[in-house]
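Asker: Sequence:
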Amino acid sequence: MAAPATGAAKLPPLPAHWTHRVELGLTDQPGGAKALHKSIPKLRFRYQYLAGGVNTGDGWRTWNENGTFVDRYIGETEKNHLVPVFSYYMIRQSLPGSGDTDEPHAVLSNLRNPSTMKAWLGDIRAFLKHAGRFPDTTVVLQVEPDMWGYGEQAANGDDAATVQVSQVGSLAGLAQRVVKLRDQLAPNVLLAYHASGWGTGVDISIQNPSLSDTTKLGRKAGRYYRSLHARFDLTFTDWSDRDAGFKQDQYGAGPEAWWDGADRKRAVRFLDAYSHRARQRVAVWQIPLGNTMLDDTWGRYRDNHVQWLLGKHSRKHLRTLAKAGAVAFLFGGGADGTTSADTDGGYFRRRANHYYGKPLRLP
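Numbers 32 to 394, taken from this note's numbering, label the letters of the sequence shown in order.
Since the hints were derived computationally from the structure, they do not count as laboratory data. Check the hints yourself; a few may be wrong.
[Stated by the list, open to error] Below, a list of computed lysine-lysine pairs in the BS3-like style, where the Cα atoms sit at most 27 angstroms apart:
| hint | residue 1 | residue 2 |
| --- | --- | --- |
| 1 | Lys389 | Lys347 |
| 2 | Lys343 | Lys354 |
| 3 | Lys389 | Lys354 |
| 4 | Lys73 | Lys347 |
| 5 | Lys41 | Lys389 |
| 6 | Lys354 | Lys73 |
| 7 | Lys296 | Lys247 |
| 8 | Lys211 | Lys149 |
| 9 | Lys41 | Lys347 |
| 10 | Lys73 | Lys110 |
| 11 | Lys354 | Lys247 |
| 12 | Lys149 | Lys296 |
[As the list claims (entries may be wrong)] Label pairs and their calculated CB-CB ranges:
| hint | residue 1 | residue 2 | range |
| --- | --- | --- | --- |
| 13 | Gly377 | Pro286 | 23 to 33 angstroms |
| 14 | Asp133 | Gln238 | 16 to 26 angstroms |
| 15 | Gly88 | Pro166 | 27 to 37 angstroms |
| 16 | Pro166 | Arg392 | 27 to 37 angstroms |
Backbone N, C-alpha and C fix where the C-beta goes; we use that ideal spot for every residue, glycine too.
From just these sequences and the hints, can you work out the full model?
Answerer: Now the structure itself:
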């Protein structure tokens with residue numbers, strides 16, 4: 032593992048109510064909290080998407096009566112000694128951009144649409160009102176993965192204030208409004224920004240920049256976050272949301288689908304440079320659950336992320352990542368057919384329980 036670029040530089044503060052150890056989490060559907068807690072008693076997080084679009088009639092507020100999907104998920108999670116995490120993914124699926132196959136164009140167009148953004152602001156307000164009904168429960172809300180990355184690519188001079196957003200002026204204005212609403216309606220909610228590894232215009236996992244260039248890219252991403260002038264509590268990022276075997280079988284990818292030592296070094300270097308420049312601790316999210324003992328069939332695709340993070344020699348990997356600013360690792364595939372904790376032969380649950388037998392203390 033390459034050492035973090037910033038060496039012994041002081042790490043950003045931990046989010047409020049955070050533990051002082053590296054934590055793990057898992058995607059988990061409604062109704063699964065009791066079984067999840069039983070299978071991994073010390074697991075910290077379970078997460079769930081909120082999706083469907085803000086003006087389509089299919090968004091999360093329609094999933095249960097009176098928008099109580101959030102209340103039910105939080106209540107079930109708290110009862111089983113876990114922390115609920117929501118990934119708020121609404122702008123891409125909202126009208127009129129949902130039918131646009133050019134995803135960056137669709138997202139940016141929706142951000143400029145007055146009626147869409149009025150509905151979006153009403154929807155995020157509704158979430159915060161529901162979450163605020165649990166004032167003594169810590170809730171984590173990851174706000175719009177991918178959206179910030181598309182905005183970063185569209186920005187001038189790494190400045191979010193140059194990206195137009197209706198109702199609030201710019202992406203910086205949107206971030207400031209979300210923080211203000213959280214402060215007013217749900218102080219128990221930890222807000223998470225999402226830093227995309229490709230937001231700078233260079234995808235570090237595909238284009239393979241040098242370590243020195245990766246450091247520059249991480250700092251560039253951190254400058255963009257700071258241009259929001261809005262204090263999120265932590266940052267989420269993702270490495271790959273699909274198993275390597277899934278990419279090869281379903282998309283025809285070659286050996287580049289598998290992360291190797293050079294990819295790991297770049298991931299650590301980017302995370303470290305971003306964390307120190309943005310002054311944010313980072314959770315890596317939606318990590319694929321495959322392992323190399325599987326047979327590359329539907330739901331049982333191979334990958335090596337879990338083994339690298341929780342298998343043999345993983346302790347030194349986690350220690351290096353924690354020194355770079357990482358505080359948590361949340362696992363779950365991002366597409367139907369990817370490996371789950373129910374189809375991986377029990378590997379994730381075994382290794383997660385082994386890790387929690389002696390969890391790593393954060394620096």
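Asker: Now tell me if each hint is right for this structure.
Answerer: Hints and how they fare:
| no. | hint | in the structure |
| --- | --- | --- |
| 1 | Lys389 <-> Lys347 | holds, 13 angstroms |
| 2 | Lys343 <-> Lys354 | holds, 20 angstroms |
| 3 | Lys389 <-> Lys354 | holds, 18 angstroms |
| 4 | Lys73 <-> Lys347 | holds, 21 angstroms |
| 5 | Lys41 <-> Lys389 | holds, 25 angstroms |
| 6 | Lys354 <-> Lys73 | holds, 23 angstroms |
| 7 | Lys296 <-> Lys247 | holds, 14 angstroms |
| 8 | Lys211 <-> Lys149 | holds, 16 angstroms |
| 9 | Lys41 <-> Lys347 | holds, 20 angstroms |
| 10 | Lys73 <-> Lys110 | holds, 14 angstroms |
| 11 | Lys354 <-> Lys247 | holds, 18 angstroms |
| 12 | Lys149 <-> Lys296 | violated, 42 angstroms |
| 13 | Gly377 <-> Pro286: 23 to 33 angstroms | holds, 28 angstroms |
| 14 | Asp133 <-> Gln238: 16 to 26 angstroms | holds, 21 angstroms |
| 15 | Gly88 <-> Pro166: 27 to 37 angstroms | holds, 31 angstroms |
| 16 | Pro166 <-> Arg392: 27 to 37 angstroms | holds, 29 angstroms |
Hint 12 from the earlier list is the only one contradicted by this structure; the remaining hints agree with it.
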